[in-house]
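Student: Chains as they are written, first to last, in this note's numbering: chain A, 1 to 280; chain B, 281 to 598.
A couple of the hints might just be wrong.
[Claimed, not checked] Which stretches of chain A does chain B cover? Using the computed rule of at least three CB atoms under 8 Å from a CB of chain B, they are: (1) 104-113; (2) 120-126; (3) 132-139; (4) 155-169.
Hints listed in this document are in silico derivations from the structure and should not be mistaken for laboratory results.
We treat Cβ as the ideally placed atom computed from N, Cα and C, and that holds for glycine.
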Amino acid sequence: MPTTLAPVSIAELTEVAKRVRSHIVQMVFDAQSGHPGGSLSSVEIGVSLFWNHLRCDPANAEWPDRDRFILSKGHATPFLYSVLAERGFFSTELLRKFRTLGSPLQGHPSMGAVPGVEMSSGSLGQGLSFAIGHALSGRLDRKDFRCWVLMGDGELNEGQVWEAAQAVPHFDLGDRVIAMVDRNGIQNDGFGDKIMKIHPAEMWRGFGWHVIECDGHDMAAVDQALAEAEKPHEKPRVVVAQTVKGKGVSYMENNPGFHGKAPTKDQLIQALEEIAGGLK
Amino acid sequence: MTAPTAPAAATREAYPVALAQLVEQGIDVVALDADLSASTMGYQFGDKYPERWHSVGIAEANMVDIAAGYAAAGKTAFVASFASFLPGRCFDQLRTSVAQPKGGLSVKCVASHGGVTVGEDGASAQALEDLTLMTSLIPFDVIVPADYESARQAIIAVGKTTRPAYVRTGRPKIAALYDASYRFEIGKATVLRPGNDVTLIACGILVGIALEAANLLSNEGVSARVIDMATIKPIDRDAVLAAARETSAIVTAEEHQTHGGLGTAVARVLAENLPTPIAFVGVDRYGTSGKWDELLGYFGLTAEHIAASARDVIARKR
Numbered sequence: 001m002p003t004t005l006a007p008v009s010i011a012e013l014t015e016v017a018k019r020v021r022s023h024i025v026q027m028v029f030d031a032q033s034g035h036p037g038g039s040l041s042s043v044e045i046g047v048s049l050f051w052n053h054l055r056c057d058p059a060n061a062e063w064p065d066r067d068r069f070i071l072s073k074g075h076a077t078p079f080l081y082s083v084l085a086e087r088g089f090f091s092t093e094l095l096r097k098f099r100t101l102g103s104p105l106q107g108h109p110s111m112g113a114v115p116g117v118e119m120s121s122g123s124l125g126q127g128l129s130f131a132i133g134h135a136l137s138g139r140l141d142r143k144d145f146r147c148w149v150l151m152g153d154g155e156l157n158e159g160q161v162w163e164a165a166q167a168v169p170h171f172d173l174g175d176r177v178i179a180m181v182d183r184n185g186i187q188n189d190g191f192g193d194k195i196m197k198i199h200p201a202e203m204w205r206g207f208g209w210h211v212i213e214c215d216g217h218d219m220a221a222v223d224q225a226l227a228e229a230e231k232p233h234e235k236p237r238v239v240v241a242q243t244v245k246g247k248g249v250s251y252m253e254n255n256p257g258f259h260g261k262a263p264t265k266d267q268l269i270q271a272l273e274e275i276a277g278g279l280k
Numbered sequence: 281m282t283a284p285t286a287p288a289a290a291t292r293e294a295y296p297v298a299l300a301q302l303v304e305q306g307i308d309v310v311a312l313d314a315d316l317s318a319s320t321m322g323y324q325f326g327d328k329y330p331e332r333w334h335s336v337g338i339a340e341a342n343m344v345d346i347a348a349g350y351a352a353a354g355k356t357a358f359v360a361s362f363a364s365f366l367p368g369r370c371f372d373q374l375r376t377s378v379a380q381p382k383g384g385l386s387v388k389c390v391a392s393h394g395g396v397t398v399g400e401d402g403a404s405a406q407a408l409e410d411l412t413l414m415t416s417l418i419p420f421d422v423i424v425p426a427d428y429e430s431a432r433q434a435i436i437a438v439g440k441t442t443r444p445a446y447v448r449t450g451r452p453k454i455a456a457l458y459d460a461s462y463r464f465e466i467g468k469a470t471v472l473r474p475g476n477d478v479t480l481i482a483c484g485i486l487v488g489i490a491l492e493a494a495n496l497l498s499n500e501g502v503s504a505r506v507i508d509m510a511t512i513k514p515i516d517r518d519a520v521l522a523a524a525r526e527t528s529a530i531v532t533a534e535e536h537q538t539h540g541g542l543g544t545a546v547a548r549v550l551a552e553n554l555p556t557p558i559a560f561v562g563v564d565r566y567g568t569s570g571k572w573d574e575l576l577g578y579f580g581l582t583a584e585h586i587a588a589s590a591r592d593v594i595a596r597k598r
């Protein structure tokens, strides 16, 4: 029965994360476009989830009982495709075709194009609602799969997120829908505090959620936070991971300029060296 | 043409009946409403199948994406609201999450209260743009039934495809055009009255009014064909081209603006294949309050106006 690979050691997850980060910068360099910053900030969340928590079968991606991973922050495709490829959903060779004509790896996720992409996203704020539909269907069919939804913190500006946030507790879906927020503090136009200052933890609590906060780049802390989110609780769970945009590449870290920009050749070489050296 | 004996009924009343019949036929249907279920009639389905129906509150965007998730998990997911809000409050969700996944997801919109016959609620509630928006979403079928029986069969028909669809229904009770011997088919028009001088192509409530216009024209010795073009997309090209060949003059009539919608779809078929004089009857300004039948008169959605348009277009024949 295909399930998680758990328990995978933190040391092993950390090595996977390095490979995922290398793919991310290489893909964006190859395509000379894409979104490296918000991909690098999500890496620990994705690796912990796909290796230790998400029940899935890469060889049978449509398995009806699988847990769903729904990437609501759809611009983070370098992250999504790298994690899926490393987990075995498709060949890492395909990553070189990112954003090219005829490739299934579009700039934003296209449902049905490759195994493991659960939703067409890219227009922000829709993933949590989509997950509710999957979860209600699971309940109707008496299946016990979970839906894990990853959102950006800038994405929380979208009103639809809060339409969905009120609906998850209303429909009593806390054991079926788990939300995750990549709190990297930067969105397209710059620092979130200047564009639209929000207080994610308080907002989620106000909507009746149990908030689990963690350092989003401490692999052990992320792994523990996701484990806590899986435990039964009277409220639905949201993991708010404090992260750094561009994490792992010094000149991208906390730099709004690398939300949606590709590195030069020299910058790529530097990035790959820094990633190989591990997180500081 | 059949001679129906059914009482007058609103097309929206067919919605919960059709949903229940789909479930009875083994289709794995779920349905969602956004706090207008007393008007869309969705609550009646909810009363019968509570585990298959949800109210999501006043949140149309959330509703559409929940339906998309349901469809991704294998369900046939219906959503209902007023045609002003569905698609008006959730067009991006219909585009990105429903239309764009490979082939489109099996989400069916049944939008009630289309057009000016909403009545007293006025402009904000009177959808005049929904057909333009929905015909722009590539995999969607777009259907505007002309009476209760047609609406019932159309909702069942879209529930049996895997494509996304938009079915527009109306608020007022209108006369039956069809009885149970009628067979609705997506993409197939119905010729309700033969004629050689001009063809009146209508959808929704304007079909019955076009039949009245044909009577008026008949009194003047003008033979008008009347076509119920319930499916706007994919449109019945053969019926349009046969009308153009055989009558050489076309009038379209719809409870919608003429930029997009039925008239535009008919004109495109003609322009590509057989340019033919055409006149468009529709509503090219925003609505206002009034009784629904008064509003039809106020906006020129009348047998007299359709007949006048027919005379104009006949005069333009070469």
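Student: Give a verdict on every hint.
Tutor: To see whether the hints hold, each was checked on the structure:
1. 104-113: Contact hint for the region 104-113 of chain A vs chain B: holds, 4 residues under 8 Å.
2. 120-126: holds (count 6)
3. 132-139: Check passed, 7 qualifying residues.
4. 155-169: holds (count 6)
Every hint, counting from the list given before, is met by this structure.
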